[in-house]
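First to last, the sequence lines map onto chains A and B. Residue 123 in my numbering is what sits at position 118 of the first sequence, and the numbering runs on without skipping anything. Residue 51 in my numbering is what sits at position 46 of the second sequence, and the numbering runs on without skipping anything.
Hints may contain errors.
Copies of one chain are not kept apart here, so a pair can be met inside one copy or by any two copies together.
For lysine to any residue, the following SDA-like pairs were computed, each having C-alpha atoms within a straight-line distance of at most 20 Å [claimed, not checked]: (1) K86 to D47; (2) K131 to E107; (3) K86 to K202; (4) K202 to R238; (5) K131 to N170; (6) K116 to P105.
No lab work stands behind these hints, which were simulated from the structure alone.
2 protein chains.
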Amino acid sequence: MNVVSSIKEMRGISDELRSSGKRIGFVPTMGALHEGHLSLVDNARRDSDVVVVSIFVNPTQFGRGEDFEKYPRELEKDKRKAEFRGVDYIFVPPDREMYPEEPLTFVEVEKVSQILEGEFRPGHFKGVATVVAKLLHIVNPHVAVFGQKDAQQAFIIREMAKDLNFDVAIIVAPILRETDGLAMSSRNIYLSPVQRKEATVLYRCLKLAESMLKNGDTNLVEVRAAMIKLVNRESTCKLDYVSFVDPINFEKIEDGGLHTEILALIAARFGETRLIDNLQMKVGKKPG
Amino acid sequence: MNVVSSIKEMRGISDELRSSGKRIGFVPTMGALHEGHLSLVDNARRDSDVVVVSIFVNPTQFGRGEDFEKYPRELEKDKRKAEFRGVDYIFVPPDREMYPEEPLTFVEVEKVSQILEGEFRPGHFKGVATVVAKLLHIVNPHVAVFGQKDAQQAFIIREMAKDLNFDVAIIVAPILRETDGLAMSSRNIYLSPVQRKEATVLYRCLKLAESMLKNGDTNLVEVRAAMIKLVNRESTCKLDYVSFVDPINFEKIEDGGLHTEILALIAARFGETRLIDNLQMKVGKKPG
Numbered sequence: 006m007n008v009v010s011s012i013k014e015m016r017g018i019s020d021e022l023r024s025s026g027k028r029i030g031f032v033p034t035m036g037a038l039h040e041g042h043l044s045l046v047d048n049a050r051r052d053s054d055v056v057v058v059s060i061f062v063n064p065t066q067f068g069r070g071e072d073f074e075k076y077p078r079e080l081e082k083d084k085r086k087a088e089f090r091g092v093d094y095i096f097v098p099p100d101r102e103m104y105p106e107e108p109l110t111f112v113e114v115e116k117v118s119q120i121l122e123g124e125f126r127p128g129h130f131k132g133v134a135t136v137v138a139k140l141l142h143i144v145n146p147h148v149a150v151f152g153q154k155d156a157q158q159a160f161i162i163r164e165m166a167k168d169l170n171f172d173v174a175i176i177v178a179p180i181l182r183e184t185d186g187l188a189m190s191s192r193n194i195y196l197s198p199v200q201r202k203e204a205t206v207l208y209r210c211l212k213l214a215e216s217m218l219k220n221g222d223t224n225l226v227e228v229r230a231a232m233i234k235l236v237n238r239e240s241t242c243k244l245d246y247v248s249f250v251d252p253i254n255f256e257k258i259e260d261g262g263l264h265t266e267i268l269a270l271i272a273a274r275f276g277e278t279r280l281i282d283n284l285q286m287k288v289g290k291k292p293g
Numbered sequence: 006m007n008v009v010s011s012i013k014e015m016r017g018i019s020d021e022l023r024s025s026g027k028r029i030g031f032v033p034t035m036g037a038l039h040e041g042h043l044s045l046v047d048n049a050r051r052d053s054d055v056v057v058v059s060i061f062v063n064p065t066q067f068g069r070g071e072d073f074e075k076y077p078r079e080l081e082k083d084k085r086k087a088e089f090r091g092v093d094y095i096f097v098p099p100d101r102e103m104y105p106e107e108p109l110t111f112v113e114v115e116k117v118s119q120i121l122e123g124e125f126r127p128g129h130f131k132g133v134a135t136v137v138a139k140l141l142h143i144v145n146p147h148v149a150v151f152g153q154k155d156a157q158q159a160f161i162i163r164e165m166a167k168d169l170n171f172d173v174a175i176i177v178a179p180i181l182r183e184t185d186g187l188a189m190s191s192r193n194i195y196l197s198p199v200q201r202k203e204a205t206v207l208y209r210c211l212k213l214a215e216s217m218l219k220n221g222d223t224n225l226v227e228v229r230a231a232m233i234k235l236v237n238r239e240s241t242c243k244l245d246y247v248s249f250v251d252p253i254n255f256e257k258i259e260d261g262g263l264h265t266e267i268l269a270l271i272a273a274r275f276g277e278t279r280l281i282d283n284l285q286m287k288v289g290k291k292p293g
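Chain A on its own, in the form it takes in the complex (with noise of 0.2 Å):
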């Protein structure tokens, strides 16, 4: 595997690769790579001759007060993951390139931005859409794979590479669980053995919405009052949201009758520790 740390060197491997006939796949990172991420690779090799992965924790898409500084940083760590995993590139582009100055350009997808995660971090899908737009031109890849753990990141990057005729095919690959139902994420170590336990509440009460709409509940001030109270009885987390899309769109759904799949959402803190979920459902008939 090669570790490849200027973007003037990733351009230049990317440009020989293309040359020569190869396809490439990537997988943008943070870093701090779980399963979740190495599942995101495996996508990428199914469509591609070479995988890079980038590693990249990106300042623009934090907010004031959220975790930037103490996001997990394990570059060794990583390497020997991405390395076992068959990953050919590792691309650590250093903050001093990818911002040499403070940076004019951003890519905005308006309207889906501003909801949800938008609402709970302004300005995260701003950066996030342009450090991706960055890594795309820089890796200039065939196909690109997304988690949908981040099932909003996942919708945008797709909108964006849509709206500005990127060259490239999104992957959005599912997300990966822990035996207990927790949805893998880097931000998970930071969690209290007792917050880890807590935290398979957001699965159980996401099982509780499809259970219950494909019984028919189509009403959603219900569904969700029956996840909050869950949520409440089992953990000490505080709710950032429960919420309903529509999985085509991401417009948020009022009335679960009129839809056949609702993707529903939830972010919450345990502790200082946010995490969020998501599942996507169908709507069923009531019985009878």
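Chain A is already provided as a structure; the job is to place chain B on it using the hints.
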């Protein structure tokens, strides 16, 4: 010369040219080609094997009440001119492919997009930066050429390409002028014979500023006053602005004495026709 009228076809041609080792030069235009555009073609050719000219009157860069509807469209003439000048591909994407639905994604270069043209044409540069990003993704050129006539636009595109790591060289080519000094522009054809004659005052007042600054008259309040006086004496146009910026960072200059090079910019309306012009000038020392 080949006329390319779909995004997919353009991408295919571009991929093929690249994989056969050809360098692609690109000149994005809104058509109504004049000698100024054709000089950009010459510039593009200098550094590439194949020249692509796009013709797309981009709706998102026109404000309400601007001249989008009546902007000159003369595709057949344009084709002949381009072919005669040796253009290899003319890319004419249909509106429905460029904007198949209400776009949500925008590229914006902050700060510099708000002043001068941005102040008089709100949203203009957001539309420009976004459509240029799209076209660069579709045509995927090695070199793209813009005209200095639209100095602020050229600066913004350069900034965007740098900030977002576009893998393209941006060339800015000098203004071409009619023999009486009027900067070539597709909008000149709107002018009545009287307006056409009066419009030469724009260049003359830029030359007046140049001569004042060369002589060490660095009080820009006085320079501006002299320019405005000349314009008002010799035309009936309405000035939008007369402004001085640092060509390096496009920041407004108050004190001419602190600079060695100044870019003077002017915008004025002759009836309903809005013209812009600019000239970069050296600052001299006051004699004696």
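Results for each hint:
When the C-alpha separation of K86 and D47 is checked against a cutoff of 20 Å, the pair qualifies only within one copy, where the shortest distance is 13 Å, while the shortest distance between copies is 51 Å. Proximity of K131 to E107 under the C-alpha cut-off of 20 Å is found in both arrangements, the shortest distances being 15 Å within a copy and 19 Å between copies. Within a single copy, K86 and K202 get their C-alpha atoms no closer than 26 Å, and across copies no closer than 72 Å, so neither meets the 20 Å cut-off. In this assembly of identical chains, the alpha carbons of K202 and R238 lie at most 20 Å apart only when taken from the same copy (14 Å versus 81 Å across copies).
With identical chains, the CA atoms of K131 and N170 are at most 20 Å apart both within one copy (18 Å) and between copies (16 Å). In the homo-oligomer, the alpha carbons of K116 and P105 lie at most 20 Å apart only across protomers (18 Å), although the nearest pairing inside one protomer, at 30 Å, exceeds that limit.
Consistency note: the structure conflicts with earlier hint 3 alone.
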